[in-house]
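Residue numbering for the sequence shown follows our numbering, starting at 13 and increasing by one per position.
Any given hint might turn out to be false.
[Stated by the list, open to error] In silico lysine to aspartate or glutamate, EDC-like type, Cα no more than 16 Å apart, as pairs:
| id | residue 1 | residue 2 |
| --- | --- | --- |
| 1 | Lys201 | Asp238 |
| 2 | Lys25 | Glu38 |
| 3 | Lys155 | Asp124 |
| 4 | Lys201 | Asp237 |
| 5 | Lys270 | Glu21 |
| 6 | Lys204 | Asp238 |
| 7 | Lys221 | Glu104 |
| 8 | Lys201 | Asp156 |
| 9 | Lys177 | Asp265 |
| 10 | Lys25 | Asp41 |
| 11 | Lys80 | Glu252 |
| 12 | Lys25 | Asp265 |
| 13 | Lys219 | Glu45 |
| 14 | Lys25 | Asp268 |
| 15 | Lys17 | Glu48 |
| 16 | Lys204 | Asp237 |
| 17 | Lys204 | Glu231 |
| 18 | Lys221 | Glu75 |
| 19 | Lys247 | Glu231 |
| 20 | Lys44 | Glu21 |
| 21 | Lys155 | Glu129 |
| 22 | Lys177 | Asp268 |
| 23 | Lys34 | Glu255 |
| 24 | Lys80 | Glu223 |
| 25 | Lys219 | Glu75 |
| 26 | Lys17 | Asp265 |
| 27 | Lys87 | Glu231 |
Think of the hints as simulated: they come from the structure by calculation, not from any bench.
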Amino acid sequence: MTIAKSRRELARKNIQLCFPEKTALEVQDILKEHFESLGINLLESSTNMWGKHRYNANQNESEHFIFKGLENLQKQPGLGKILVIPHFTTIEMTGLMVSFITPYRPIYRPHDNPLMEYLITTSRTVVNIPNQPNRSVIPVSNKDTRAMVKHLKAGGTLFILPDQKYGGQGSISVPFFGYNVPSNPGVNKLAKMGQAAVFPVFTRRIKNKYELTIHPALENFPSGDDYADTLRLHKLYEAEIRENPAQYLWVHDRWDIKNHNPALPESLYH
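The task is simple: from the sequences and hints, build the whole structure.
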């Protein structure tokens, strides 16, 4: 089976698992739209990493961008902020749009290959834009907790994508669409250590426009219960995915389907 076919099959099973009420035809429609969305994402990635907007303040093209909930960020002046963004195929445009709102540091996993590490960090870094002195995107390693906390305590903003499978130190098992998955409680811990507010952020691609919504800061977060806090985030992701299923990143093996996870319905493998 080719890589493309195996990814398609994984995506199909993921969708079936999360939407058991949908017919085979409905699943196929979501799958088709999903791979179209992935193709668009490749173009968006190129634009975001190497486009003229990185060097020219006039490349905003705001007629294509719709921002909702900006007032939610403004309600927390001087406080560190964590923008929580799950892996949708609009992630590249989310990063671009956020850069027009506020300086921020995206958290990323360092690459083992020095050349790839250089390309990733330089292509993600946005500084010294003419006529936009406050526009700044500087990646921070997911291993550099001290830098993250320092940035938050100084009133800075972090950009984190915490929804994928996480088997690292501190991983906890939390339901996602009803099935336990290894999950990262890092958002909770960063919010506590950095005394920061947490904002769920979702972006939808609607024809030739992008609609970014910043939800209000989560109240009583973190609560001190990592399981409850992570489950709360999962429920927020689920609600958005149900509204916009085709644009979620279904090609990621979130539920360990490739290893025939025994906790999943056996019918999924037939």
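Now for the hints, and whether the structure bears them out:
Of the pairs offered as hints, the one joining lysine 201 and aspartate 238 holds, with about 8 Å between alpha carbons and a cut-off of 16 Å not exceeded. Distance check on the hinted pair: lysine 25 and glutamate 38 sit about 13 Å apart at the alpha-carbon level, within 16 Å; holds. Among the hinted pairs, lysine 155 with aspartate 124 is consistent with the structure: their alpha-carbon atoms are about 13 Å apart, no more than 16 Å. Among the hinted pairs, lysine 201 with aspartate 237 is consistent with the structure: their alpha-carbon atoms are about 10 Å apart, no more than 16 Å.
Of the pairs offered as hints, the one joining lysine 270 and glutamate 21 holds, with about 10 Å between alpha carbons and a cut-off of 16 Å not exceeded. Using a Cα cut-off of 16 Å, the hinted pair lysine 204 and aspartate 238 holds, with the two alpha carbons roughly 11 Å apart. Our distance criterion of 16 Å between C-alpha atoms is met by lysine 221 and glutamate 104, whose separation comes to about 14 Å. For the hint pairing lysine 201 with aspartate 156, the CA-to-CA distance comes to about 14 Å; that is within 16 Å, so the pair holds.
Among the hinted pairs, lysine 177 with aspartate 265 is consistent with the structure: their alpha-carbon atoms are about 8 Å apart, no more than 16 Å. Of the supplied pair hints, the one linking lysine 25 and aspartate 41 holds, its CA atoms being roughly 13 Å apart against a limit of 16 Å. For the hint linking lysine 80 to glutamate 252, the alpha-carbon distance of about 15 Å falls within 16 Å, and the restraint holds. Between lysine 25 and aspartate 265 the CA atoms are separated by roughly 10 Å; this keeps the pair inside 16 Å, and the hint holds.
Pair hint lysine 219 plus glutamate 45 holds up; C-alpha atoms about 13 Å apart against a cutoff of 16 Å. A hinted pair counts as satisfied when its Cα atoms are at most 16 Å apart, and lysine 25 with aspartate 268 qualifies at roughly 11 Å. Proposed proximity of lysine 17 and glutamate 48 is supported: the alpha carbons are some 15 Å apart, at most 16 Å. Taking the CA atoms of lysine 204 and aspartate 237, the gap is near 11 Å; set against the 16 Å cutoff, the hint holds.
For the hint linking lysine 204 to glutamate 231, the alpha-carbon distance of about 13 Å falls within 16 Å, and the restraint holds. Note on lysine 221 and glutamate 75: the hinted pairing holds, with a Cα-Cα distance of about 8 Å set against a maximum of 16 Å. With a C-alpha separation of about 15 Å, the suggested pair lysine 247 and glutamate 231 falls inside the 16 Å cut-off, and the hint holds. A distance of roughly 12 Å separates the Cα atoms of lysine 44 and glutamate 21; the hinted pair therefore holds under the 16 Å criterion.
Proposed proximity of lysine 155 and glutamate 129 is supported: the alpha carbons are some 14 Å apart, at most 16 Å. Taking the CA atoms of lysine 177 and aspartate 268, the gap is about 8 Å. The hint holds against a cut of 16 Å. Between lysine 34 and glutamate 255, the direct Cα distance comes to roughly 14 Å. Compliance with the 16 Å bound is thereby established for this hinted pair. For the given pair, lysine 80 sits about 7 Å from glutamate 223 by alpha-carbon distance, which is consistent with the 16 Å threshold.
Between lysine 219 and glutamate 75, the direct Cα distance comes to roughly 13 Å. Compliance with the 16 Å bound is thereby established for this hinted pair. With a C-alpha separation of about 14 Å, the suggested pair lysine 17 and aspartate 265 falls inside the 16 Å cut-off, and the hint holds. Distance hint between lysine 87 and glutamate 231 is fulfilled; the C-alpha atoms sit about 13 Å from each other, no more than 16 Å.
Checked against the numbered hints above, the structure breaks none of them.
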